[in-house]
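Protein chains in written order, with numbering that gives the first Met the number 0: chain F, 0 to 535; chain Y, 0 to 275; chain G, 0 to 311.
Derived from the structure by calculation, the hints contain no laboratory data. Here the structure is a predicted model, which is why all the values come from computation and not from measurement. The beta carbon of each residue, even a glycine, is placed where N, CA and C say it ideally should be. It is possible that part of the hints are untrue.
Stated by the list, open to error - Here are the in silico distance ranges between beta carbons for each label pair: (1) G/Arg218 / Y/Thr9: 25 to 31 Å; (2) G/Leu44 / Y/Ala108: 29 to 35 Å; (3) G/Leu207 / Y/Val252: 35 to 41 Å.
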Amino acid sequence: MTIAHLSRRTLLQAGSALLASTALPVLARAQNTPSGGRLIVAADSEPKNLNPAIVASNGVFFIASKVVEPLAEASFDGKDGLSPRLATSWEGSADGKSVTFKLREGVKWHDGKPFTSADVAFSALSIWKPLQNLGRVVFANLEAVDTPDAATAIFKFSKPTPLQLIRNALPVVSSVVPKHVYEGTDIAGNPANVKLVGTGPFKLTEYKPGEYYRLTKNADYWNKGEPKLDEVIFRVLPDRAGAGAALEAEEIQLAAFSAVPLTDLARISKVPGIKVISKGYEALTYQLVVEINHRRKELADLKVRQAIAHAIDRKFVVDTIFLGYASASTGPVPKNAPEFYDAGVPTYAFDVAKANALLDEAGYKKGANGTRFSLKLRPAPYFNETKQFGDYLRQALAAVGIDAQLVNADSAAHQKAVYTDHDFDLAVGPPVFRGDPAISTTILVQSGIPAGVPFSNQGGYASKELDDIIARAAVTVDTAARTDLYKQFQKLVATDLPLINVAEWGFITVARDSVLNVSNNPRWAVSNWADTALKS
Amino acid sequence: MKVIQHLIRTPESAIGLGILVLLALVALLAPVLSPGDPLRIAARPLLAPFTDPSFPLGTDRLGRDVLAGIIHGARTSLAVGIAAAFAAIAFGFCIGLTAGFAGGLVDEALMRVVDAFQIVPSFLLALAFVSVIGASAPVVVIAISLGAWADPARLTRAQVLSIRERDYVASARVIGMHPVEIALKEILPNALPPVLALSAIIVAAAILTEAALSFLGLGDPNVVTWGSMIAEGRNILRSSPSLSIFPGIALIVTVVGVYLFSEGLTKTLAGRRAEE
Amino acid sequence: MLLIVVVLTFLLLESASGDAVDAYLLSIGGGDAAVARSLRQAYGLDQSMAARLWLYLSSLMKLDLGWSIAFDRPVLDLVVERLPNTLLLMGSATALSFGLGSALGIVAGARPESPRDRVLSTISLILYAIPSFWLGLVLSIIFAVQLRWLPTSGIETIASGKAGLARAADIARHLVLPVGALALIYMALFLRVMRSGMAEAWQLDFVLFARSKGLSRTRIVLRHVARNALLPLVTMLGLQSAAMLGGSVVIESIFSIPGFGRLAQEAVSGRDAPLLMGIIIVSAVLVICVNLVIDIVYAALDPRVGASESGG
Numbered sequence: 000m001t002i003a004h005l006s007r008r009t010l011l012q013a014g015s016a017l018l019a020s021t022a023l024p025v026l027a028r029a030q031n032t033p034s035g036g037r038l039i040v041a042a043d044s045e046p047k048n049l050n051p052a053i054v055a056s057n058g059v060f061f062i063a064s065k066v067v068e069p070l071a072e073a074s075f076d077g078k079d080g081l082s083p084r085l086a087t088s089w090e091g092s093a094d095g096k097s098v099t100f101k102l103r104e105g106v107k108w109h110d111g112k113p114f115t116s117a118d119v120a121f122s123a124l125s126i127w128k129p130l131q132n133l134g135r136v137v138f139a140n141l142e143a144v145d146t147p148d149a150a151t152a153i154f155k156f157s158k159p160t161p162l163q164l165i166r167n168a169l170p171v172v173s174s175v176v177p178k179h180v181y182e183g184t185d186i187a188g189n190p191a192n193v194k195l196v197g198t199g200p201f202k203l204t205e206y207k208p209g210e211y212y213r214l215t216k217n218a219d220y221w222n223k224g225e226p227k228l229d230e231v232i233f234r235v236l237p238d239r240a241g242a243g244a245a246l247e248a249e250e251i252q253l254a255a256f257s258a259v260p261l262t263d264l265a266r267i268s269k270v271p272g273i274k275v276i277s278k279g280y281e282a283l284t285y286q287l288v289v290e291i292n293h294r295r296k297e298l299a300d301l302k303v304r305q306a307i308a309h310a311i312d313r314k315f316v317v318d319t320i321f322l323g324y325a326s327a328s329t330g331p332v333p334k335n336a337p338e339f340y341d342a343g344v345p346t347y348a349f350d351v352a353k354a355n356a357l358l359d360e361a362g363y364k365k366g367a368n369g370t371r372f373s374l375k376l377r378p379a380p381y382f383n384e385t386k387q388f389g390d391y392l393r394q395a396l397a398a399v400g401i402d403a404q405l406v407n408a409d410s411a412a413h414q415k416a417v418y419t420d421h422d423f424d425l426a427v428g429p430p431v432f433r434g435d436p437a438i439s440t441t442i443l444v445q446s447g448i449p450a451g452v453p454f455s456n457q458g459g460y461a462s463k464e465l466d467d468i469i470a471r472a473a474v475t476v477d478t479a480a481r482t483d484l485y486k487q488f489q490k491l492v493a494t495d496l497p498l499i500n501v502a503e504w505g506f507i508t509v510a511r512d513s514v515l516n517v518s519n520n521p522r523w524a525v526s527n528w529a530d531t532a533l534k535s
Numbered sequence: 000m001k002v003i004q005h006l007i008r009t010p011e012s013a014i015g016l017g018i019l020v021l022l023a024l025v026a027l028l029a030p031v032l033s034p035g036d037p038l039r040i041a042a043r044p045l046l047a048p049f050t051d052p053s054f055p056l057g058t059d060r061l062g063r064d065v066l067a068g069i070i071h072g073a074r075t076s077l078a079v080g081i082a083a084a085f086a087a088i089a090f091g092f093c094i095g096l097t098a099g100f101a102g103g104l105v106d107e108a109l110m111r112v113v114d115a116f117q118i119v120p121s122f123l124l125a126l127a128f129v130s131v132i133g134a135s136a137p138v139v140v141i142a143i144s145l146g147a148w149a150d151p152a153r154l155t156r157a158q159v160l161s162i163r164e165r166d167y168v169a170s171a172r173v174i175g176m177h178p179v180e181i182a183l184k185e186i187l188p189n190a191l192p193p194v195l196a197l198s199a200i201i202v203a204a205a206i207l208t209e210a211a212l213s214f215l216g217l218g219d220p221n222v223v224t225w226g227s228m229i230a231e232g233r234n235i236l237r238s239s240p241s242l243s244i245f246p247g248i249a250l251i252v253t254v255v256g257v258y259l260f261s262e263g264l265t266k267t268l269a270g271r272r273a274e275e
Numbered sequence: 000m001l002l003i004v005v006v007l008t009f010l011l012l013e014s015a016s017g018d019a020v021d022a023y024l025l026s027i028g029g030g031d032a033a034v035a036r037s038l039r040q041a042y043g044l045d046q047s048m049a050a051r052l053w054l055y056l057s058s059l060m061k062l063d064l065g066w067s068i069a070f071d072r073p074v075l076d077l078v079v080e081r082l083p084n085t086l087l088l089m090g091s092a093t094a095l096s097f098g099l100g101s102a103l104g105i106v107a108g109a110r111p112e113s114p115r116d117r118v119l120s121t122i123s124l125i126l127y128a129i130p131s132f133w134l135g136l137v138l139s140i141i142f143a144v145q146l147r148w149l150p151t152s153g154i155e156t157i158a159s160g161k162a163g164l165a166r167a168a169d170i171a172r173h174l175v176l177p178v179g180a181l182a183l184i185y186m187a188l189f190l191r192v193m194r195s196g197m198a199e200a201w202q203l204d205f206v207l208f209a210r211s212k213g214l215s216r217t218r219i220v221l222r223h224v225a226r227n228a229l230l231p232l233v234t235m236l237g238l239q240s241a242a243m244l245g246g247s248v249v250i251e252s253i254f255s256i257p258g259f260g261r262l263a264q265e266a267v268s269g270r271d272a273p274l275l276m277g278i279i280i281v282s283a284v285l286v287i288c289v290n291l292v293i294d295i296v297y298a299a300l301d302p303r304v305g306a307s308e309s310g311g
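In isolation and in its complexed conformation, chain F is listed as follows (with noise of 0.2 Å):
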């Protein structure tokens, strides 16, 4: 599926080797590849709460996701695109009400005792539910979870929940925890969220802050054979030059999450020994948006936001601030997630004139000096690519008469400025697609959120059409039907501009040939690396 949205680019770059190795069935490549060996990769960041089913995010998975394993996770091929972890199978009942899973058997914690449905109706019902960002969302209806035998576990729902929905989450929010380590502690202090205890196929076995983590293998793991490698090392590289530095110098041989920044990687693809792989992403899709404050009388004109989306070159922004590695986008779900995905929703396109001539109808005159308006751009300052978006905003506008004054602030003021103190008039935002529109994707243009949300919708933009469709999809349990809603709700985002989607991307992956099976699966960067192995 993701194969006909590679570019020609990326398959160029990621290498024939590659695609080959990952088109082969999985037991071929298991039993084929070495064993053994230590594997170090960069880190750019040090979370103080590893615990995944607290805090699903992806710089936590990024470590967190070898040890502590979810339900099922993310694969290209799978049934529902889900290849089974902890959980064998799930099924929904017919009223949206119940799901049923039914839980691997033989699983043993890193501590030595057993893994049981226990364990998960205790990490549903006392962790995902009230304590995780995201499971706050999709567990909101969770009453109850039965456990019939140790091997089932029965989620009640109070209202209908989707199974779409949950099944589209399982990788995000449904990480398994140890009951006997939380049960009756402060579970938001518990040590284990620092020294975790998990199912996975390594253990967290050292941690010296500001320098590395260490994970070595779990000899008990229940898919025996993996894993394949000895030790995992997470070296902390801060300074993004340093991540690249180091992959030539042999000292690491992954950098994943784009560690060596985009503008290197052209030149470290020729590098003998090293390849670029942009593949591996599918299901952690960045979106690149300009987020419009509805209060500003100008901004709150459709003619004014049609014309700033004429405004802005597509091409140029993949082109010359994603170098390639990225693709325009048309609407807040981006082609990574065919299921919801609809091409058929209005476009604009380039157009400096239409832009200015529909700046001109709305009543905004250009002035003596060129000017029609000026406004306050606030980009946010997490990535390079949304920085430099910012300093090309500023010059497209400036092409159609709109004077934008950049406002440089770091991460925490910016959240600040944005989603509590509505202090912009238009920001520049990355908000992420997490396999279903509901999970953080409706929340950008729903109204009524309260201030102080990060990602959602500030902008003070509500339409009661588009409103009343997120209320009916969240509780249409029949797939197609919900499918269909969200397609609804695309043509409306692009139809009424609540705001503008410009480009969509994903991460890049540089590593030395050396590392065999590497992006393996939609979201293989925060998976498990079992399979992950080092030629010798």
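On the provided structure of chain F, position chains Y and G as indicated by the hints.
Leaving out everything else, chains Y and G in the frame of chain F:
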């Protein structure tokens, strides 16, 4: 005029002065030399230097003219440096003057504050200040001067203390001059020159601090500075080194110019005082 | 004095846009208003500013540096963990720049205004004018990536299991580049102070006397001129210690050294007031200690200065 004659006597200070005059000209004439917004996207991105006569130094990641950036960067870098030095010296001088002249408890209190600022690493202070208040040119200027005012304050106080005891001040007091008048007429003109000699060093340090702040992503995005150009260029240091080398050379030339000039100035002032 | 530093730092972070919870929510990719509220409660951020300042100051009196929000660990632990790395880095960089600077300063000042003096002075100035991050990156590309003589970053080979002398040698190898970058930059200051001190010393009576006695030039340079010029250099060392601590922020980030500078940067971006204040207090104490030592050295070098006269 006499000062300038003195200055161009040694080759170092003559070179320093020459560099600074040239830079000042470039900075003042920037809108003429390179009209329009230096941040506008002018051509194909990453044009190599010395290949296209209309973009002699090539273009950067987004296709902005590097030469235009350097010309306009002279304006902002010098403005930031001079403004920060001016603010630091003006503030430090006032505090030092007050402390030295008032003496007693006021002196004691002010000097403790000066101590406090001197023991805190100034870059750390600037870093904290800018990330907390937000990055814009005035904030960067204030942040840099916050870390730099303590030295001039201490120096001024020392000067005031030594001048206070001199004969001409004592005689002014005897003839019944008002203390404020004494401070302004007698002490100020004599205390100022050595403090001014510090200014060049502060200008150089300010330009470098601005560059380091830009490197950490804390510059003003609406204007182009050499620091921000180097910081942006360092991401492609390996493939397009010229992007950070050209503004780097400009920065080095400026700082060296400022230093040479300040040494010359210090020597000249010392010479004049010796002659008096 | 320390109290002023603490209160000023606290007020600065208070006026910041965004607090520790904003920074944390961002790092985990978002959360709703209820999460934010309960986190603010847990860290006491919902109390008034004065109450928190008072709480902090009163625990500080008991030598308790408080709890870091961004790391969820005691500030003292973090500081103790990072301090040795920074001391090692700063100590060797200071020693190297002091040594190189004064040695070259002697060479330059032996014949003031000579071509040798001019070349040395200019080179040191150019080094001083290179932004530290740029110099650090270029050194790392040349020596670590191209020539592979030295490691690109880190304080020691990770999880190497080395101990004793082997470990010390390993750490030394990792420190060569960052120390070199810092030392090259700060060398200029020492060189210039030494040189100008020597230029002045040539005019002093006892030097003129020694020359008239026909003593060899080398002897005069080393025994009389250089010795006399060393005093302002020592004073300079004290003044520079604060600047060096600040300068290490950038170098530590480029070379991935878990030290004070990087910790401070993380504290600022995480809006972690207790941690930042802890760092500033400890570095202030450090600077005070360095200056105390320097006063003692100064007194030993120059019997004319009584310990009572020197301030810091």
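Each hint, compared with the structure:
Between arginine 218 of chain G and threonine 9 of chain Y the CB atoms are about 29 Å apart, so this pair conforms to the stated range of 25 to 31 Å. Checking the proposed 29 to 35 Å range against leucine 44 of chain G and alanine 108 of chain Y shows it holds: the Cβ atoms sit about 32 Å from each other. For the pair leucine 207 of chain G and valine 252 of chain Y, the supplied restraint of 35 to 41 Å holds, since their beta-carbon distance comes to about 39 Å.
In this structure, every one of the numbered hints holds.
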